[in-house]
Each structure stands twice: as C-alpha cells, then as structure tokens.
Amino acid sequence: NAGVMQNPRHLVRRRGQEARLRCSPMKGHSHVYWYRQLPEEGLKFMVYLQKENIIDESGMPKERFSAEFPKEGPSILRIQQVVRGDSAAYFCASSPMGAGFKNIQYFGAGTRLSVL
Amino acid sequence: DAKTTQPPSMDCAEGRAANLPCNHSTISGNEYVYWYRQIHSQGPQYIIHGLKNNETNEMASLIITEDRKSSTLILPHATLRDTAVYYCIVDSGNTGKLIFGQGTTLQVKP
Numbered sequence: 512n513a514g515v516m517q518n519p520r521h522l523v524r525r526r527g528q529e530a531r532l533r534c535s536p537m538k539g540h541s542h543v544y545w546y547r548q549l550p551e552e553g554l555k556f557m558v559y560l561q562k563e564n565i566i567d568e569s570g571m572p573k574e575r576f577s578a579e580f581p582k583e584g585p586s587i588l589r590i591q592q593v594v595r596g597d598s599a600a601y602f603c604a605s606s607p608m609g610a611g612f613k614n615i616q617y618f619g620a621g622t623r624l625s626v627l
Numbered sequence: 410d411a412k413t414t415q416p417p418s419m420d421c422a423e424g425r426a427a428n429l430p431c432n433h434s435t436i437s438g439n440e441y442v443y444w445y446r447q448i449h450s451q452g453p454q455y456i457i458h459g460l461k462n463n464e465t466n467e468m469a470s471l472i473i474t475e476d477r478k479s480s481t482l483i484l485p486h487a488t489l490r491d492t493a494v495y496y497c498i499v500d501s502g503n504t505g506k507l508i509f510g511q512g513t514t515l516q517v518k519p
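Those protein sequences? They're chains D and C, same order as listed. Counting in the numbering used here, the first sequence runs from 512 upward without gaps. Counting in the numbering used here, the second sequence runs from 410 upward without gaps.
For reference, chain D alone in the conformation it holds in the complex:
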C-alpha cells in the first residue's frame, strides 16, 4: 500500500516563475492537507481539500497561491510568480476521514522548493 506520494521532491524556480507541486494521497483517502515549513521554522497549515472542494484555506497566502484536488488525479498546489520567500518544504498529508473524526494524517516526503 503506497504512502502519500509527492513530486517533485526538489524544485528549483527563478523569481517570477510558476511552481506546481503534486500530491497523490494514500489509496482510499479522499482528504488532503497541505503544510509549509519555512527554513528553521515549524509546520504551518495551508489548506484542506476534499475531492473537488476546498474545505479550509485559512492558512493560504491571499495572493499567488492556489490549490485544487480534482475528481481524478493528484492534488496540486500552485504558486504563481514565486519569490525568494516562498522557498520552503511543502508537505502534503492525507486522511481517510476528514473534519469531525479522529485526525490521523499521513504525510508525504515533501517537496523542497528553492527560488533563485
């Protein structure tokens, strides 16, 4: 049973480019969460999605960031016009049940974004 798969593992972008981070949840999981970990800082929640729905995006920066989890395919975290401050590790997690149930989340290995 494959775990949460994130790709790419490492992503280098120049300022102003777009970054697309992908996350395939564990089989049978329909709830996906994105977290960001800035260098030397803790993990911060960004967004919680269920298939075709954004449930909570309270942790997402208001501009340039968007997320989706389509009916088919992986969840995508998209960062437009990247800046150096976006350099961080981005982790995706999935769970079989969402809000209202025990909150056991399974994390991927992360995508390390470096903005030059």
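Derived by calculation from the structure, the hints in this document are not laboratory data. Be aware that a few hints might be false.
[Stated by the list, open to error] Partial pick of chain C residues on the chain D-facing surface, computed with a CB cut under 8 Å:
id, residue
1, C421
2, Y455
3, L507
[To be verified] Quick list of simulated restraints, FRET-style, between CB atoms:
id, chain 1, residue 1, chain 2, residue 2, range
4, D, K582, C, T474, 40 to 50 Å
5, C, N428, D, V523, 40 to 50 Å
6, D, L627, C, S450, 44 to 54 Å
7, D, G584, C, S418, 34 to 44 Å
8, D, V594, C, S437, 30 to 40 Å
9, D, R595, C, P485, 41 to 51 Å
10, D, P607, C, K461, 16 to 26 Å
11, D, E552, C, R425, 28 to 38 Å
12, D, R589, C, Q511, 21 to 31 Å
13, D, S541, C, K461, 35 to 45 Å
14, D, I587, C, E475, 40 to 50 Å
Beta carbons are placed, not taken as given, at the ideal position from N, Cα and C, and that holds for glycine.
Dock chain C against the given chain D, drawing on the hints supplied.
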C-alpha cells in the same frame, strides 16, 4: 497557536526509555492527544493518539494523566533512528487541520 507546551530538547541514551512530556492544561473534553515526529528533512510521521486511557502500539506508549492536563510519550528502547522532533498536538478533529508547535528535539546518543 499550539495548545501544548513541550521542552525544546531532550537527550536519551541508546537502548534506554525516552519519556517525552507534554502539557495541555486547557484541553477540552472532546480533544484527543496526538503525537507525531519528524525525522530530519522527512515528512511528519504519526505515532499514537489517545483520549483519556493509556495507549500502546508497536511504536510507543502514551500515558495521559487522570485530569488530562498532561501526557507522556514513551519510547521504550530508544535507538539512534528515533532522533527526531516530536510534536504533541491536541485536537478535536472538527477542523481537519493540525496545529504544530515547536516540539521537542530528541537526541538519542550512543
């Protein structure tokens, strides 16, 4: 903000038990205590959770005080691979998101 307080760092000798404390004095009746860990540069890993009874699984044991205001994660025989940041999180599950604090950096030494 995290609802838990943990010591920033701890050391443990290899082969000995590692006891990691966590204070959660404002925990609500419907909130669980969860423990995750993050080994350097990897994604967080779920360890164990509990509501009010003590719990044990293949990785660790969780001891929750009777008043539920604090808990202890026990790694019975720590190995070098247990060196990681350990996060104690209290959560009702109602929002879906996990709020991570600074955690405890556990260094297991040979």
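Q: Would you settle whether the hint for C:L507 is holds or violated, based on the nearest Cβ-Cβ distance to chain D being less than 8 Å?
A: holds (6 Å)
Q.
The hint says 16 to 26 Å between D:P607 and C:K461; measuring C-beta to C-beta, is that right?
A. Cβ of D:P607 to Cβ of C:K461: about 23 Å, so the range 16 to 26 Å holds.
**Q.** D:L627 paired with C:S450, Cβ distance criterion 44 to 54 Å
**A.** violated (20 Å)
(Q) The hint says 35 to 45 Å between D:S541 and C:K461; measuring C-beta to C-beta, is that right? (A) Given range 35 to 45 Å: violated, Cβ gap about 29 Å.
**Q.** Closest C-beta approach of C:C421 to chain D relative to 8 Å, hint status
**A.** violated (22 Å)
(Q) Range first: 28 to 38 Å. Now tell me if the beta carbons of D:E552 and C:R425 are that far apart. (A) holds (31 Å)
Q.
Tell me if the beta carbons of D:R589 and C:Q511 are separated by a distance inside 21 to 31 Å.
A. Roughly 29 Å apart at Cβ, these two residues keep to the hinted range, so it holds.
Q | Distance restraint hint 30 to 40 Å, applied to the beta-carbon atoms of D:V594 and C:S437 | A | holds (39 Å)
Q. CB of D:K582 to CB of C:T474, is that within 40 to 50 Å?
A. holds (45 Å)
Q) Does the Cβ distance between D:R595 and C:P485 fall inside 41 to 51 Å? A) holds (44 Å)
Q. Taking the least C-beta to C-beta distance, is C:Y455 closer than 8 Å to chain D?
A. The hint holds - C:Y455 has a Cβ within 8 Å of chain D, the shortest such distance being about 5 Å.
Q) Within 40 to 50 Å or not, the Cβ separation of D:I587 and C:E475? A) Holds: the Cβ-Cβ distance is about 46 Å, inside 40 to 50 Å.
The structure fails hints 1, 6, 13 (numbered hints given earlier, in ascending order).
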